[in-house]
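Novice: Chains as they are written, first to last, in this note's numbering: chain A, 1 to 318; chain B, 1 to 179.
There could be a bad hint or two in this list.
Said to hold, decoys possible - FRET-style restraints, in silico, Cβ to Cβ:
{"no.": "1", "chain 1": "B", "residue 1": "Asp39", "chain 2": "A", "residue 2": "Pro304", "range": "27 to 37 Å"}
{"no.": "2", "chain 1": "B", "residue 1": "Pro120", "chain 2": "A", "residue 2": "Ala149", "range": "17 to 27 Å"}
{"no.": "3", "chain 1": "A", "residue 1": "Asp190", "chain 2": "B", "residue 2": "Ala92", "range": "21 to 31 Å"}
To be verified - To give an idea of the interface, some chain B residues facing chain A are shown, with a C-beta separation under 7 Å as derived from the structure:
{"no.": "4", "residue": "Pro64"}
{"no.": "5", "residue": "Leu69"}
{"no.": "6", "residue": "Arg74"}
{"no.": "7", "residue": "Ala78"}
{"no.": "8", "residue": "Leu148"}
None of these hints come from the bench; they were simulated from the model.
For every residue, glycine included, the Cβ atom is placed at its ideal position computed from N, Cα and C.
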Amino acid sequence: MRKALGTWERFWFREIESSTYALLRVAFAVVVLAWTISLAPALYSFFGDGGILPSHPDGDAGSWGLLQLDSGPAAVTALYLLLLVGALCLLVGLKTRPAAVVVFVCLVSFARRDPWVLNSGDLLVIVLAFYLMLAPSGAALSVDRWLAARPRFWEFPRRSLWPLRLIQVQVSLLYFFAVWAKVRGETWNDGTAVSYAFRIEDLERFPVPAFVTDSLLLVNLMTYGTLAVELAVAILVWNGRLRPWVLLLGALLHLGIDYAVRVGFFSYAALVAYIAFLPPETVSAWVYRLRDRMARSRLAWLVPSVEPVEPVEPGGRP
Amino acid sequence: MQQRLESSRAGRAAISVFIVVTIVSVAVWNLPPSAIKEDALAVTAPYIRATGLNQNWGVFSPNPRRHSLFLSARVRYADGSEEVLSPPRGGALVGGYWDYRWRKWAEWASMDENSELWRPTADWFASRARAQGRDPVSVTLVRRWRDLLPPGPGPSRGEWQEYVFYTYQVPGAGEAAAR
């Protein structure tokens, strides 16, 4: 029992450098900013009371959203601007925790106002917003850090792993259940599913040549390959040695989907989620390399406190 | 505060309960339809909805759609003319990042089981026509589709078909013309 408790403690509560949290925050904020900007042309058509869904849908138990109170143009505009400001604050790490809460509340409110215009990628953005709200994502590389401990800006204070672990487990579960849902389908079993997915004209983005979608051999390989990659991300991602390769395959799969199908931000949200699997030491090393390169370039003015600082907390690297 | 919580045994116990509840709830939400899922959802679904974790990664499952589908609206004007309007569509490079929401909406709004969306959809097309200074009298919603045939030798797609599924008489239509 004691051993099991020890394993649980190490798995969830081990402290790590906060560099992965920082990278996750910045990447997520970039996606949310792009997501928000892409919403602008249809904002009132989707969410306003003069749009395609004049009244807020009735929510099931547990459902909530700020636009339930009012979805007039002023309320929709205010929520939109709040999301924009929240995403910008999250990007630079200013009042990071409140900004993460604002982003989460705004995203959920838009999603609940008109669920008919969202796809799985939009919902994944909300899932990530929820976990980022729990994470110490402003602990490093943030305005908050700059204001609180300017001389130690380039250090990565150690923080508990559990919010990052939750994202890892969520990603693993999602791929596992995605495979489970697919293997119940006839076309995933006969190896033709990818051919259909690439030929749906209303979802087509860049064309996939007919010799690919009509070749039974190629579509079999792509269909079974998709299942294999998704299952690998679900399970083999927990093996440290295989993890980089599994994530690389997953990233290629998502970039392929993004090329061929109009899935919006689905692929980028998935790639942001992959950041949770990056070892903090690796991310710290990337950041230091980028900092040093920038400090030697004409962009030096962009690098705060370029004086090398010896780490005070364990794990920091000058 | 979070660090204080994490540094105490009681705090870690509370976080552990939260972790277990969250993972179990997410797992239940994603289970295939079953009796156990139905029973468990009665307890876990409100939590999942409140936290926004109601993610369903069922993209192209259990099967991808086996037809292409487009929604359009035939708008008849007070002057007797007619026009076909469609949801906005962007280019491949940038458009794919904003018009996918219109595609999603068109897919849902074309389904027989979502008839509650038909009137607001038709009304929205009418308002689009009015925004162009026209006077719409009626809006007819049409779905066009063609089947995707199994891959291999032979044609890859069937013939286009269309079906008129809703006609909407615009309230107060023709008043401008009458004046």
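Novice: Does each hint fit the structure? Answer for all of them.
Specialist: Structure-based check of each hint:
1. Between Asp39 (chain B) and Pro304 (chain A) the beta carbons are some 54 Å apart, a value that contradicts the proposed interval 27 to 37 Å.
2. The beta-carbon spacing between Pro120 (chain B) and Ala149 (chain A), approximately 53 Å, falls outside the hinted interval of 17 to 27 Å.
3. Evaluation of the 21 to 31 Å hint for Asp190 (chain A) and Ala92 (chain B) yields a pass: the beta carbon distance comes to about 30 Å.
4. Using the Cβ-Cβ criterion of 7 Å, the hint placing Pro64 (chain B) at the interface with chain A is satisfied: the shortest such distance is roughly 4 Å.
5. Contact between Leu69 (chain B) and chain A, as hinted, is supported at the beta carbon level, the nearest pair being about 6 Å apart and thus within 7 Å.
6. Because the beta carbon of Arg74 (chain B) sits about 18 Å from the nearest beta carbon in chain A, more than 7 Å, this interface hint is broken.
7. Interface hint at Ala78 (chain B): violated, since its Cβ lies 21 Å from the closest Cβ of chain A, which is beyond the 7 Å cut-off.
8. A hinted interface residue such as Leu148 (chain B) counts as satisfied when its beta carbon comes closer than 7 Å to some beta carbon of chain A; here the least separation is about 5 Å, so the hint holds.
Violated hints, listed in ascending order, are 1, 2, 6, 7; each of the other numbered hints is respected by the structure.
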